[in-house]
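Student: Sequence:
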Amino acid sequence: MKTIFTYLSVLLVSASVFAEISSTEKKALLKLYKSTNGAKWTNTWNLKQSPSTWYGVEVKDDKVVSLKLMNNNLEGVLPSELGDLTNLVEINFFRNHITGALPATLGNLKSLTSLNVAFNQVSGSLPEALGNAKQLKSIEMHMNRLTGKLPSSIGTLTALETLSLFNNEIEGEIPTSYYQLKSLKVLLLSSNKLVGALSPDISNLTSLENLSLFENKMEGQVPFDLEKLHNLKEMNISYNMFNGLVSRNLAKLDTLNMTMINEEGVATTLKISIDKNSAYAADE
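For the sequence shown, the positions run -19 to -1, 1 to 265 when mature numbering (1 follows the signal peptide of the UniProt record, and there is no 0) is used.
Don't read these hints as lab results, they were simulated from the structure. Computed from a predicted structure; not experimentally measured. Check each hint, because a few of them may be wrong.
[To be verified] Simulated crosslink set (DMTMM-like; lysine to aspartate or glutamate; CA at most 25 Å straight-line):
1. Lys91 to Asp43
2. Lys8 to Glu56
3. Lys163 to Glu121
4. Lys12 to Asp42
5. Lys115 to Asp182
6. Lys44 to Glu71
7. Lys7 to Glu39
8. Lys49 to Glu71
9. Lys115 to Glu142
Full structure from sequences and hints, please.
Tutor: Shown next, in the form of structure tokens:
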């Protein structure tokens, strides 16, 4: 009797370890493998084994919930079939050689909370459909070759805490919808080609801790309302064309970097008044 019980226990454990995902999800994984030259990955997959044993693939309750293939020599374009992995919570393809545009089908991933494809060669615009992935908390696409304008749909991601898009070639203005992201803690848009003014509605981002707009082509008044961001710990808006007065209350931010470019293209520092009267800025 004890032998039979032991045998049944082994069968149950084996069934759990090698549980099969759906054929749709398996096809999506195989498409990813082929599209990104899986045979040459640093840690490749044994396609004869169960997907639950494949490197970087996390399976829970017979569903693929995570893909972590960081620094794994992925080369090529991400396939649209990624959108068939509808139970994904995390995608991390950090530091690979991924090219082409992000598939719009990523918007199908209703459970996705984290998307990291930073340090690749992704090109094209961020898909507007990304705004359909309503559970997203973190989007990290820095150090790529993104172009076009920022999709306004990202401004509807109410759970978003991190938006990191620095070192790309993104153009246009910051969409007004972004100023409604009240959960946003980190906004990194430096080293792009952004233009226009920084809206006073920036004060709506009450959770913001880190704001970086360094090295863009933005201009106009630095909003006085920045002083309302009591959680702000670091701000770098240098190397733009901002001008005018700056609230003296910003001086309370220990790590504040306020170096800017004046109209003549010369680096200047906006001085923050400590006078009892209104704050002012002056070139040194």
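Student: Would you mind marking each hint as holding or not holding in the structure?
Tutor: These are the hints, each one checked on the structure:
no.	hint	in the structure
1	Lys91 to Asp43	holds, 18 Å
2	Lys8 to Glu56	holds, 19 Å
3	Lys163 to Glu121	holds, 18 Å
4	Lys12 to Asp42	holds, 22 Å
5	Lys115 to Asp182	holds, 22 Å
6	Lys44 to Glu71	holds, 13 Å
7	Lys7 to Glu39	holds, 13 Å
8	Lys49 to Glu71	holds, 8 Å
9	Lys115 to Glu142	holds, 12 Å
Comparing the model with each numbered hint stated earlier shows that all of them hold.
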